[in-house]
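Knowing the structure of chain E, use the given hints to seat chain H on it.
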Amino acid sequence: MLKLEARPEPSKIWTYGSPVLALLITVLIGAVMFSALGKDPVKGLEMFFWLPIHNAYALGELLVKATPLLIIALGLAVCFRSNVWNIGAEGQYIIGAIFAGGVALLADASSTRWIVLPILLAGVLGGMVWAGITALLRDRFHANEILVSLMLVYVAVQLLSYLVGGPWKDPMGFNFPQTKTFESVTRIPRLFDGSRVSIGALLALFSVAALWVFLFRTRSGFALQVGGLAPAAARYAGFSSRKALWMALLMSGGAAGLAGALEVAGPIGQLTLYVPAGYGFAAIIVAFVGRLHPVGMVFSAILMSMFYIGGEMAQSRLGLTKSLTGVFQGLLLFSLLACDTLVNYRLKWRTRGGA
Amino acid sequence: MPTPRLQLKRITKRYPSVVANSEVSLTVMPGETHAVLGENGAGKSTLMKIIYGSVKPDEGSVQFNGQVVHIKNPQEARALGISMVFQHFSLFDTITVAENVWLGLNKNLSLQQVTQSIVAKATEYGLDIDPLRPVHTLSVGEMQRVEIIRALLTNPQLLILDEPTSVLTPQAVDKLFVVLKKLASEGCSILYISHKLHEIRELCTACTVLRGGKVTGVCNPSQESNASLSKLMIGAEPPQLTHRAQKPGAAVLTLQNLILPREDQFGVDIEGVSLQVCAGEVVGIAGVSGNGQKELLYALSGEDVRAKPGTIHIGGVDASRLHPGQRRKLGLHFVPEERLGRGAVPTLGLAHNMLLSRQEAIAWPKFGGGWIRVKQLERHAAEIIARFKVKAGGPRSLARSLSGGNLQKFIVGREIDANPKLFIVSQPTWGVDVGAAAQIRGAILALRDAGCAVLVVSEELDELFEVSDRLHVISRGQLSPSVPIAEATVEKIGEWMSGLWDDDVQQHLAELEGMAIVGEPAQSGGQHAQA
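Chains as they are written, first to last, in this note's numbering: chain E, 1 to 355; chain H, 1 to 531.
Be a bit skeptical, because a hint or two may be false.
[Stated by the list, open to error] Some chain H residues judged to face chain E by a derived CB distance under 8 Å, without partners named:
1. E303
2. P346
3. L348
4. L355
5. G369
6. G370
7. I372
8. Q376
9. G394
10. L398
[As the list claims (entries may be wrong)] Some chain E residues well away from chain H (every beta-carbon gap over 10 Å; in silico):
11. H54
12. K169
13. P171
14. V226
[Said to hold, decoys possible] Here chain H is said to cover these stretches of chain E; the calculated rule only asks that three of the stretch's residues, wherever they fall, bring their Cβ under 8 Å from a Cβ of chain H:
15. 112 to 118
16. 230 to 242
Because the hints were derived from the structure by calculation, they are not lab data. All C-beta atoms, glycine included, are put in the ideal place defined by N, C-alpha and C.
In isolation and in its complexed conformation, chain E is listed as follows:
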């Protein structure tokens, strides 16, 4: 009989081993799933785990998708670590994109490359404003931040569709719900020729370092986390829970807004109804699979990005549905949660039954 036994201390090995095991299980179930669909499992898995990394261009595309996921997840990690459940990063991402798009639309022939800076700052500001609404309602009226932040996603979507279908609609756009294509001067500078990787990837890596320092070396970061781990201890220490709430939401809102700005002024290049791509929700999985740890989230963002690209590949090359992306995301999160049991428990074989 297999038995779970509590460990006296959480296992160090399994803290890192569990995501690896979870990935293996995901691959296994994925292989079984491809066979069941009548496809060659090796080919199927290739779509997800080899094609996205098989050459420089593919790697670039991988980073293009991983960048917004990582930036949003970094912000969310601050929230989740301080027990603030912001699940509306998608909305903050959209508003960030709208603010950034608004600035980008102001650009004309006389603008310089420096306009990218106000575009990015506007994105950050937009995300902060949107997250700030959640913080305000929570702070003043004790409104549940999970509900408020989630609902505001749909408000943000409506706002976007109003703008692109109304005041900001491209007059030359054949009545499509989209703005005009931004001036090329507004485009986020790219790192290499022939690849869409932009300075956003550098910003993301810089944010990883900044978050690590904030969480593990500053007293503010410490205070935030104590508020999440043991609210009574935070009260005892005198760490303000209101400050933590505002700080966490503004940081994650700003990060999501930045990601929105990088997307809209980068790969997309205009505001359309297709700006919301679900990055804000996928980043929640990225954050948890990455253990809310800055470095861990780099890996999980890349992994999640592979799933996105793999889904598209599976659709175009194997004629399977793109929802496979979601299936793989779900499988990974599910197996991770299951494997995490091993961090606090160990498996034991018991020879005799009963007892």
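Showing chain H alone in chain E's frame:
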């Protein structure tokens, strides 16, 4: 020799990191009141859970009335005639006494019948209780009576009581003992778990002493002395504390008519508490738990800043509205009652737990709240671990991996190490083994001798009598006048714990008039009062 009511043979129970019981044997005769004595962590609770069926032993056998039994769960235990009254009550606050009892009983009975049987049992044993009162209006002592009645309604042959007196006033303890002695005289066996030696010597006719999961002695406690029992329990006699006389200095903490309405529904209102603690003295606050200690301490520590300006002064500064961090700058250091989750973050290492109340390892405090110098933090934590003899793997050990006593030593050490001007500690030795308790009390006295003002809130009278210079009693959110320790007696403090201190005044007046008036509580809300 009659058949023993309960016989445990070589019971062993292992947990991953500890052997809770090792070859424990225990025999309880019918009508015997048998004490199980031991420090926290000696394995008493595990043993009782084995008897009550909520834990299964790895080895050994349980015999009940001569039959070998395998008790799978508490329902089976109750069916056999074993009842247990837990230290922490399992009553629902919002429903009545009768409804609570009904919930735990056979569903064939109607609420009406249950109410009748409660009244019948209550009269039989002199347990005064109104079955129609909602539980949240009961005092802790009354809640315990409800638990005892609930246990008695199953007509047990063996009643297990886990630390039943930890929540009672001395007078309520006396009443409980009357009930228990009556039960025993009727043939019911009682297993009485405690670490209070004088109670065991008064009540019990047999005693099994546990230490580190092993039986270290079986004796008749009435023929033993406190010293010999405690030697069996901890392997040594506890060190004696010396209490030097010392003239207190200037007032450090002054409370003037502190009034605070309750924050949560089942809390207590603080009703006009005034108090002074001077440099170089220890002031104790006695009282049964749930009489406003928690609320008062929240207001003192700054975790609750609703106090009216001018009501709390620390070192001459109006601190009524200051937050915990600001009060720490005035020299106030506080050890809360809850160690895990309030005094320390369970999932963080000891070093990082330093940061809750200490700032020494913070550089550039203006920048992002300050930079944490991890090396220095760990060095500092290691110093405290060494200085206060905390048994821990090191500064990185998680707070939750420490035993209660060791974590308490660390937290007390962390606060004392800050050289406070005012030190407030709640339940300093709750759940702490005797050796560590003596060490903590010693540290409190050393702090006082060094000129610190100390306020100790505790439910253990013995402890308060040991460390305090003056004693207050808190009851229903009101604070008694203070009495110098030399003039305090257990009886007097016990009476005050029921809120009867105004009677002193009455009695004094009555004596002046040459006639004695005895004991009607002068408090409002007298429906709660039970002498």
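Results of checking the hints against the structure:
Taking 8 Å as the C-beta cut-off, the interface hint given for E303(H) holds, the closest approach to chain E being about 5 Å. Because the closest C-beta pair between P346(H) and chain E is about 7 Å apart, less than 8 Å, the hint holds. With a cut of 8 Å, the hint placing L348(H) at the interface with chain E holds, because the nearest CB-to-CB distance is about 7 Å. Taking 8 Å as the C-beta contact cut-off toward chain E, the hint placing L355(H) at the interface holds, the least distance being around 6 Å.
Given hint, G369(H) at the interface with chain E, holds; its Cβ is 3 Å from that chain's nearest Cβ, closer than 8 Å. Because the closest C-beta pair between G370(H) and chain E is about 4 Å apart, less than 8 Å, the hint holds. This hint holds: I372(H) has a C-beta 5 Å from the nearest C-beta of chain E, less than the 8 Å allowed. Taken as an interface hint, Q376(H) does not check out: its beta carbon lies about 13 Å from the nearest beta carbon of chain E, beyond 8 Å.
Below 8 Å, beta-carbon pairs count as interface contacts, and G394(H) has none with chain E, the closest being about 13 Å; its hint is therefore violated. At about 7 Å, the closest approach between the beta carbon of L398(H) and any beta carbon in chain E falls short of 8 Å, and the interface hint on this residue holds. Every beta carbon of chain H lies more than 10 Å from that of H54(E), the smallest distance being close to 41 Å; the non-interface claim holds. Even its closest Cβ contact with chain H, about 44 Å, leaves K169(E) beyond 10 Å, as expected for a residue assigned away from the interface.
With a least beta-carbon separation of about 47 Å from chain H, P171(E) lies farther than 10 Å from that chain, consistent with its non-interface assignment. Some Cβ of chain H comes within 10 Å of the Cβ of V226(E); the nearest lies about 6 Å off, and the non-interface call is violated. Here the segment 112 to 118 of chain E counts 0 residues with a CB under 8 Å from a CB of chain H, which misses the bar of 3, and the coverage is violated. Coverage of the segment 230 to 242 of chain E by chain H holds [criterion: at least 3 residues with CB-CB distance below 8 Å; count 8].
When the structure is compared with the earlier hints, violations turn up for hints 8, 9, 14, 15 and for no others.
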